[in-house]
Amino acid sequence: MSTLLIAEQVLNGLQLGVTLFLMAAGLTLVFGVMGLINLAHGSLYMIGAFCCAFVSVETGSFFLGLLAGMAGAAVAGALLEMVVMQRLYARDHLDQVLATFALILIASEGTRWVFGDVPLFLDVPEAFSGTIELIGGLTYSKYRLLIIFVGLLVALGLYWLIARTRLGMRIRAGESDREMIAALGVNIRLVYTIVFALGAALAGLAGSMVGALSSVQVGMGEPVLILAFVVIVIGGIGSVKGALIGALLVGLVDTLGRVFLPSFFQLFMNNSDATTLGSSLASMAIYVVMAIVLAVRPQGLFPATGTSSA
Amino acid sequence: MTDSAQPILEIKNLSKRFGAVQASDHVSLSVLPGRLHALIGPNGAGKSTLIGQISGFLTPDEGQIILKDRNVTHLSAERRVHMGLGRSFQVSNLLLEWSARRNVMLAVQARQGGSFRFFKNVWKDQALRSAAEAALQMVGLQDRADIRALELSHGERRQLEFACALALEPSLLVLDEPMAGLGPEGTAAMTAFLEDLKHTIPILLVEHDMDAVFRLADDISVLVYGKIIANGSPEDIRQSASVQEAYLGSSSDAA
Amino acid sequence: MSRESRVSLVVLVGLPVAAFIAHISGETYIINLLTRMTVLGLAGIGLNFALGYGGMVSFGHAAFFGLGAYVTGIAAFHAFDDSLFATVPFELASTNQMLQIWLIALLLAGLLALLIGFISLRTSGVYFIMITLAFAQMLYYFAISWPTYGGEDGLSIYLRNEFPGVQTDKAFSFFLLCFAILLLVLLLCWRFVNARFGAALQGARMNALRLSSIGIAPFPVKLTAFVISAMIVALAGALFAELNGFVSPTSLSWHMSGELIIFVILGGVGRLVGPLIGAIVFVLLETYLGGLTDRWQFFLGLILLATVLFANGGIMGLIGGRTRHD
Chain A
49 MSTLLIAEQV
59 LNGLQLGVTL
69 FLMAAGLTLV
79 FGVMGLINLA
89 HGSLYMIGAF
99 CCAFVSVETG
109 SFFLGLLAGM
119 AGAAVAGALL
129 EMVVMQRLYA
139 RDHLDQVLAT
149 FALILIASEG
159 TRWVFGDVPL
169 FLDVPEAFSG
179 TIELIGGLTY
189 SKYRLLIIFV
199 GLLVALGLYW
209 LIARTRLGMR
219 IRAGESDREM
229 IAALGVNIRL
239 VYTIVFALGA
249 ALAGLAGSMV
259 GALSSVQVGM
269 GEPVLILAFV
279 VIVIGGIGSV
289 KGALIGALLV
299 GLVDTLGRVF
309 LPSFFQLFMN
319 NSDATTLGSS
329 LASMAIYVVM
339 AIVLAVRPQG
349 LFPATGTSSA
Chain B
1008 MTDSAQPILE
1018 IKNLSKRFGA
1028 VQASDHVSLS
1038 VLPGRLHALI
1048 GPNGAGKSTL
1058 IGQISGFLTP
1068 DEGQIILKDR
1078 NVTHLSAERR
1088 VHMGLGRSFQ
1098 VSNLLLEWSA
1108 RRNVMLAVQA
1118 RQGGSFRFFK
1128 NVWKDQALRS
1138 AAEAALQMVG
1148 LQDRADIRAL
1158 ELSHGERRQL
1168 EFACALALEP
1178 SLLVLDEPMA
1188 GLGPEGTAAM
1198 TAFLEDLKHT
1208 IPILLVEHDM
1218 DAVFRLADDI
1228 SVLVYGKIIA
1238 NGSPEDIRQS
1248 ASVQEAYLGS
1258 SSDAA
Chain C
6 MSRESRVSLV
16 VLVGLPVAAF
26 IAHISGETYI
36 INLLTRMTVL
46 GLAGIGLNFA
56 LGYGGMVSFG
66 HAAFFGLGAY
76 VTGIAAFHAF
86 DDSLFATVPF
96 ELASTNQMLQ
106 IWLIALLLAG
116 LLALLIGFIS
126 LRTSGVYFIM
136 ITLAFAQMLY
146 YFAISWPTYG
156 GEDGLSIYLR
166 NEFPGVQTDK
176 AFSFFLLCFA
186 ILLLVLLLCW
196 RFVNARFGAA
206 LQGARMNALR
216 LSSIGIAPFP
226 VKLTAFVISA
236 MIVALAGALF
246 AELNGFVSPT
256 SLSWHMSGEL
266 IIFVILGGVG
276 RLVGPLIGAI
286 VFVLLETYLG
296 GLTDRWQFFL
306 GLILLATVLF
316 ANGGIMGLIG
326 GRTRHD
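Residue numbers (this note's numbering), protein chains in the order written: chain A, 49 to 358; chain B, 1008 to 1262; chain C, 6 to 331.
Honestly, the hints are just simulated from the structure, not real lab data. All residues carry an ideal CB built from backbone N, CA and C; glycine is no exception. Mixed in with the good hints there might be a few duds.
Listed next, the stretches of chain A that the computed footprint assigns to chain C, with coverage defined by at least 3 CB atoms under 8 Å from CB atoms of chain C [said to hold, decoys possible]:
{"hint": "1", "segment": "145-151"}
{"hint": "2", "segment": "276-285"}
{"hint": "3", "segment": "335-345"}
Isolated chain A (complex conformation) (with noise of 0.2 Å):
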């Protein structure tokens, strides 16, 4: 095994991780401030996918494309939290779990309405497609090393948001004491509309950069999102530093696994074997990871503190 074939792996793994991250920040905000379970995530992540397609066939710009990807779910989420969410923050999860169920069948059939059955395929744009060589020998492909760049440097946006700005500021407050914030007189409404429309354009962003390496359909999102959920599981619920550690984790850990572990069991196996075992086990090792963080730390690597004492 080269040290070129581990480290493409590992350049893999921080692709997956990232997108997971921008997933997970979402959820993450929206569980921490607003205390909602949000399964129709996915579908944002879809939205954004079908709308940077729709724009970037039509304008022939992929730059145009993506960013509209990120305004149309940053609108999808904003009016889905004005029409809908709004009415569920009160509500036990059970209901949440429910009504956002039924947001992704609603979402999802009324997609396939929309634009049919058959996936939509995105173009790479021009200046990023083929590979580009890195130290060592190293060739990777240019678009995902995009995909790196931009979720490590939402990474460091939301940092800043949260510790530096005003708005950050509110969502702390909201975080640790919703009734609080609100007698200070700040609109709590509208920052929790920010805020679900800022994860909501996070998810479109993820949605828009991956449709192009694979394709664009219904029930893209589902997948991701579950992924998304065990990432926030192990980083902390509420935690965005959290869901970082935790989805680079669980892209790490999915894609290395899925490359090594059928060649590890190649060395006492038949080959064929080894592969079937080693790619079943694969697929199940993030979840072990999850059970084993959580036998260890029932409230994740890092309990966020506002909602973790309630």
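Let chain A serve as the given structure and place chains B and C on it in line with the hints.
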């Protein structure tokens, strides 16, 4: 405190720290049979933390809790209940959707065991019903037995909690501010009730109402900043200069 | 008799009567539809035991449903070519007897639930929801990537397995078998709920602190209920596989977990027969709405959303009146 009787509850050197706050600082006290021991102290003195450790919801950093000669420091809350530790909560803690009777019946069930019996109808179980009836009678709630806890008044909920605690036939009761929120009449009734009760069941009482405390208590411990600063008969405590200074002087008129 | 009991009775009598009428008029399709309602209702009742009575919002009960289905499928797979069902830890001959298959399914589901419950019940609230979901996904991905038993394509059951004294391949006989099991499970659940165990379980749901403070540890009570619930759902999964003659990874998917919750909510949480009513309504929607438009799930979503937002208490809550508390 030279009584030769074996204490029901003995706390030795209990300490608990939360970050920078020393919530319990080498606390020792004991509750003797037939007596009511009151624990008083200003807000934030660490009374709740102490009760949490005694009932088993918090683990002390050091020290021991001895219940009826057995070291229970590391036993679960549920085990301590089975060994005879009954308690009431500051904020009532009931199954609000259920009737008063059902609430008490569940407590009787807890004492009798058999929570893993799957077939016999529990609501028609005479063994549970008659014991529950007796406990409700003891607190004077027999006429309200079929009212949901949700619909009971604040004072009645307090009584119901007592009925549940008594249904467990405890050998010691730990009461966390039983007078809180009761009006003058309720407080008087509760005081009279406890005055009777303490002869059959020894009580550790945490209470802010000083009139009630001085009427009921046989022994008093004063807790300030996690430390017992005084310990003795009500007369001793009334006269203790350190208590006057730390506590009584400032809050007796407020209470 | 309370209104809830009357509604329940109407449903429990109506279902076999409808099946009988369909039987004498030769409508096999209708019988199979009624069987589908019965089996899915059974699964819902199983979930309701944990969710409605124990307050455990499991979003991963598809794991048990799919497990029951796969045990059935795998048994049939081996019975078909007479190979061994299992070689580790001991050799187990293949069987086409439902009773033996169910025994294995119940046992495995119980063990799995013990494991999942043991880890998940250490947490609560949203963590519990997500962890149960994640465990079910783990099984789902395992089923997909394990090619021996069909991988993504699933497994066909060519011949329905056998049950002593019942012609299982006849639609009406099979309906009666499923319905009898439903009644038996309902009876058991009703006894459990109203026994000391049920009292402790409901106490744990309403106020775990209260339970601890009277000396009953909530954890073992909840874990036991979780295991019982999983076993009922696994049995339903086994019957579902027999009914369809097919097992697919879909039975392990999170959509399945979601649908099970839908049965419970549509019918009314914590009502014994509620999930059956939920399943009946669901199958009716699926069949008749699905017959009108391919996009029926869009409307299902709207109905569901409206139910959650505006009709708390489900169908039983609307027609069955308030729950009784004596």
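Results for each hint:
1. For the segment 145-151 of chain A, the assignment as covered by chain C holds, since 6 residues bring a beta-carbon within under 8 Å of that chain's beta-carbons and 3 suffice.
2. Chain C is given as covering the segment 276-285 of chain A, and this holds because 5 residues of the stretch bring a CB closer than 8 Å to a CB of that chain, at least three being needed.
3. Coverage of the segment 335-345 of chain A by chain C holds in this model, with 6 residues showing a Cβ closer than 8 Å to a Cβ of that chain against a need of three.
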